[in-house]
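Protein chains in written order, with my numbering: chain A, 47 to 133; chain B, 18 to 206.
Take the hints with a grain of salt, since some may be wrong.
Derived DSS-like pairs: lysine-lysine, alpha-carbon spacing no greater than 30 Å straight-line [unchecked claim]:
| hint | chain 1 | residue 1 | chain 2 | residue 2 |
| --- | --- | --- | --- | --- |
| 1 | A | LYS110 | B | LYS61 |
| 2 | B | LYS176 | B | LYS61 |
| 3 | B | LYS202 | B | LYS176 |
| 4 | A | LYS70 | A | LYS51 |
| 5 | A | LYS125 | B | LYS176 |
| 6 | B | LYS176 | A | LYS128 |
| 7 | A | LYS110 | A | LYS87 |
| 8 | A | LYS70 | B | LYS83 |
| 9 | B | LYS61 | A | LYS87 |
| 10 | B | LYS61 | A | LYS128 |
| 11 | A | LYS126 | B | LYS83 |
| 12 | A | LYS125 | A | LYS110 |
| 13 | B | LYS202 | A | LYS51 |
| 14 | B | LYS202 | A | LYS128 |
| 15 | A | LYS126 | B | LYS81 |
| 16 | A | LYS128 | B | LYS81 |
| 17 | B | LYS83 | B | LYS61 |
| 18 | B | LYS83 | B | LYS176 |
| 19 | A | LYS125 | B | LYS61 |
| 20 | A | LYS126 | A | LYS110 |
| 21 | B | LYS81 | A | LYS110 |
| 22 | A | LYS87 | A | LYS70 |
| 23 | B | LYS61 | B | LYS202 |
| 24 | B | LYS83 | A | LYS125 |
| 25 | A | LYS126 | B | LYS176 |
| 26 | A | LYS51 | A | LYS87 |
| 27 | A | LYS51 | B | LYS176 |
| 28 | A | LYS110 | B | LYS83 |
| 29 | B | LYS83 | A | LYS87 |
Keep in mind the hints are simulated off the structure, nothing from the lab.
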Amino acid sequence: MLTCKDTSRLISEGLDRNLSLGEKIGLRLHLWMCDSCRNFKQQMDYLRQALRRGWAHGDLPAEKPLSLEAQERIRQALKKEKYGHGD
Amino acid sequence: MSNSEPEYWLEEHGSALYSFALLHVRDTHRAEDLVQDTLLAALKGREGFQGSSSIRTWLTGILKHKIMDEFRRQSRESPAPDSPEEAWEAAEAQRVVENFANNGRWRNPLADWGDTEHDFSRDQFWLTIEQCLAALSPRLARLFVLRELWQMETDEVCKELAISQTNLWTRLHRARMAMRQCLEKYLNA
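Using the sequences and the hints, build the whole thing.
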């Protein structure tokens, strides 16, 4: 019989590889009896879907400005690259 | 200024590239350097831009290559014994164990998150993700980002970062457990 600890690991691995038939059966049996692990699975599915959907839409954390000093430094580096080699 | 000029790219896309870099490397100076490396590479490879994608997408693609280089380099170095990073990683492993009682059951029952999607606005969600990622050790954060955001296949991640599948599964489990706990804290706040 799988423990909750084993189950959480299997649920996580199920997101990374194909589980064997035996593992799937053991998992289903445990989930049938265990509310916490069912909630864990639902939370893992939510995390994956929300991240993938957001990433696909190009959602990102709010933009942070590049400092003026950094901009100036980069501008100089670009200028040097463009004109610094005599071409 | 024409939109094929790197100075224009810097003005128009600099902050977006910087924010993207920051989500991956944490250190503000490293993130600035990555933006610089990206624009320099873009300048050299200007002819390679097809115009079939947007400039932003093209620049982000170059930045992702630079980030991957950085990840490869970092993953080759293990944290030194007794370093803060090693302690951080040990604590993460320990925290997974602490979720469970000796008989292997959850120490505290897990709640139903229900309609979590409706509780988070999009901005809140990403802000939370960003904060939870920053709370992971750099190594776990790298793996989690490559797998869950970049959606790389596991064997690709293993090859790029030279780690075994089993090692990857163990670490992703740790990362997900930590992200779960962190998100829940914000959900309940």
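These are the hints, each one checked on the structure:
1. LYS110/A to LYS61/B: At roughly 26 Å apart (the allowed maximum being 30 Å), LYS61/B and LYS110/A satisfy the hint.
2. LYS176/B to LYS61/B: Measuring from Cα to Cα gives roughly 29 Å; hence the hint holds.
3. LYS202/B to LYS176/B: This hinted pair is violated, its Cα atoms lying about 34 Å apart.
4. LYS70/A to LYS51/A: holds (15 Å)
5. LYS125/A to LYS176/B: violated (37 Å)
6. LYS176/B to LYS128/A: It is violated: about 36 Å lies between the C-alpha atoms, which goes past 30 Å.
7. LYS110/A to LYS87/A: Violated - the C-alpha atoms of LYS87/A and LYS110/A are around 34 Å apart, more than 30 Å.
8. LYS70/A to LYS83/B: violated (39 Å)
9. LYS61/B to LYS87/A: Judged against 30 Å, a Cα distance of about 47 Å means the pair is violated.
10. LYS61/B to LYS128/A: Roughly 9 Å separates the two Cα atoms, so the pair holds.
11. LYS126/A to LYS83/B: holds (21 Å)
12. LYS125/A to LYS110/A: holds (24 Å)
13. LYS202/B to LYS51/A: holds (21 Å)
14. LYS202/B to LYS128/A: violated (50 Å)
15. LYS126/A to LYS81/B: holds (24 Å)
16. LYS128/A to LYS81/B: Cα-Cα ~23 Å, so holds.
17. LYS83/B to LYS61/B: OK: LYS83/B and LYS61/B at ~15 Å, within 30 Å.
18. LYS83/B to LYS176/B: holds (17 Å)
19. LYS125/A to LYS61/B: holds (12 Å)
20. LYS126/A to LYS110/A: holds (26 Å)
21. LYS81/B to LYS110/A: Between LYS81/B and LYS110/A the Cα gap is close to 18 Å, so the pair holds against 30 Å.
22. LYS87/A to LYS70/A: holds (13 Å)
23. LYS61/B to LYS202/B: Roughly 46 Å between the alpha carbons, so the hint for LYS61/B and LYS202/B is violated.
24. LYS83/B to LYS125/A: holds (21 Å)
25. LYS126/A to LYS176/B: The given pair, whose Cα atoms are some 37 Å apart, is violated under the 30 Å limit.
26. LYS51/A to LYS87/A: Holds, at about 13 Å.
27. LYS51/A to LYS176/B: holds (28 Å)
28. LYS110/A to LYS83/B: holds (19 Å)
29. LYS83/B to LYS87/A: Distance of about 34 Å is beyond 30 Å: violated.
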